[in-house]
Every structure is written in C-alpha cells, then in structure tokens.
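The listed protein sequences correspond, in order, to chains A and B. Using this note's numbering, the final residue of the first sequence is 114, and nothing's skipped along the way. Using this note's numbering, the final residue of the second sequence is 114, and nothing's skipped along the way.
Among the chain B residues that face chain A by a calculated CB cut under 10 Å, a handful are:
hint	residue
1	Tyr-33
2	Gln-41
3	Phe-45
4	Ser-48
5	Ser-95
6	Thr-102
7	Tyr-104
Partner residues aside, some chain B positions facing chain A, computed with beta carbon under 8 Å:
hint	residue
8	Tyr-31
9	Lys-42
10	Val-43
11	Ser-55
12	Glu-56
13	Phe-91
14	Lys-101
15	Gln-103
16	Phe-105
17	Gly-106
18	Pro-107
19	Gly-108
Simulated from the structure, these hints should not be mistaken for laboratory data. Idealized CB from N, CA, C, for every residue including glycine.
Each chain is listed here by its residues.
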Amino acid sequence: AQSVTQPDIHITVSEGASLELRCNYSYGATPYLFWYVQSPGQGLQLLLKYFSGDTLVQGIKGFEAEFKRSQSSFNLRKPSVHWSDAAEYFCAVGALSNTGKLIFGQGTTLQVKP
Amino acid sequence: EPEVTQTPSHQVTQMGQEVILRCVPISNHLYFYWYRQILGQKVEFLVSFYNNEISEKSEIFDDQFSVERPDGSNFTLKIRSTKLEDSAMYFCASSEPTSVKTQYFGPGTRLLVL
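The whole structure should be built from the sequences, with the hints applied where relevant.
Given below as structure tokens:
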C-alpha cells in the first residue's frame with residue numbers, strides 16, 4: 001500500500017541554521033510528491049512539488065527538495081531558517097489511482113529558536 | 001492570486017444534527033476534494049469529485065457523508081447525522097484538470113460535535 005513517512009515528529013532549529021525535514025514514501029511507480037506547510041490556525045499552503053525532470057525542485061519561501069528514487073525520499077531543505085518558518089510541514093504523495101487523492105505523512109512540527 | 005475559500009471557519013453542532021460545509025474552489029479548477037484532520041493526527045483524504053460525480057472516496061466517507069456541486073461555484077460536504085468522532089478540521093481543495101493534480105487548499109472549517 002502507498003504510504004508516506006515523516007520520521008521526525010518535532011524538530012527544533014536555531015534561527016539562521018540550516019534545515020532538513022525527512023520524507024520517505026512507498027509507491028509502485030514514479031510518484032507525484034508534494035510538500036505543504038500549515039501555520040497555526042491556517043490551511044495547507046503548497047511549498048513545492050515534484051513529478052518529473054530535475055530531481056532538485058525549488059519552492060516558495062526559499063525551500064527546496066530533492067527527489068532520490070534510490071532512497072524513496074523527498075527531503076525538504078532550507079539553508080537558513082527564519083522565525084516565521086515555525087509551522088507544521090506535511091509531505092504527500094499523489095495516489096496511483098490518479099484521481100488526485102493525496103496521501104499525507106504524519107507531519108513534522110518545526111520550532112525555531114531565536 | 002486566486003484561492004479556495006471555505007465557510008464557516010468554525011461550526012459547533014450537537015450530535016445527530018446535520019451540517020453542511022461550504023467551499024468555493026478556484027474558478028478554472030475542475031477537480032474538487034475534501035480532507036479532514038482530526039486534532040493531532042494526519043490529514044486524511046475523504047473524497048474526490050469530478051464532472052459532477054465522485055471519482056474516489058475513502059472508507060471514512062460512508063453513507064453519512066455526501067458531496068454536491070449545487071451551482072457553478074460552490075462545492076459542499078454534508079454530514080447527515082454528526083457523531084462525536086466527526087469533530088475535526090475539514091479542508092476543501094481543488095485542482096486543474098492536468099495529469100499532475102496539484103491541489104490548492106482552503107483555510108479549513110473546524111467542526112466541533114458536542
């Protein structure tokens with residue numbers, strides 16, 4: 001069955017430090033992969049997506065993610081974290097059924113220390 | 001920038017009552033979705049809707065749930081007889097009719113069933 005795993009439930013980084021949020025997926029074909037961010041009390045905002053081509057994708061707010069097929073991973077990175085990046089981050093994969101259904105990971109809560 | 005809107009932002013209801021959650025998807029989108037997020041849990045797919053019919057639904061989406069596109073702009077989720085366990089944040093999303101169905105989410109409706 002398709003699944004998405006985000007191994008880290010909580011991560012705390014200092015402002016200005018680099019960030020990497022892990023995402024592993026289980027999928028039977030080339031996946032469509034997404035990262036969304038949810039600020040407190042807000043909806044889900046699309047950060048970036050991958051579906052083909054260059055395995056390093058750039059997103060909004062200075063985020064990037066790298067698709068590694070050999071590791072079934074799609075980790076999210078940012079070189080320098082800002083306090084406003086504190087939020088919950090969700091990795092998601094598009095289901096094989098191609099109806100658009102997204103399967104989400106459990107989410108990683110990012111805390112930013114001043 | 002076009003966005004998905006949802007009303008109401010919060011709703012409190014008594015167990016057994018019917019609720020209707022409303023969504024206005026992005027205007028040129030043709031695929032529509034509902035997801036829910038129980039507090040502290042992952043975002044779960046409920047249903048996808050295209051061409052005036054359900055294209056996929058999850059096990060959660062039982063006979064108590066229904067969706068409708070009553071006019072050219074609204075997309076609704078009805079829960080006929082709410083249960084305590086229906087308390088959650090409900091997200092509407094929409095996507096363009098492309099092979100990669102990138103979904104854009106609304107801000108959510110927080111439903112509390114007492």
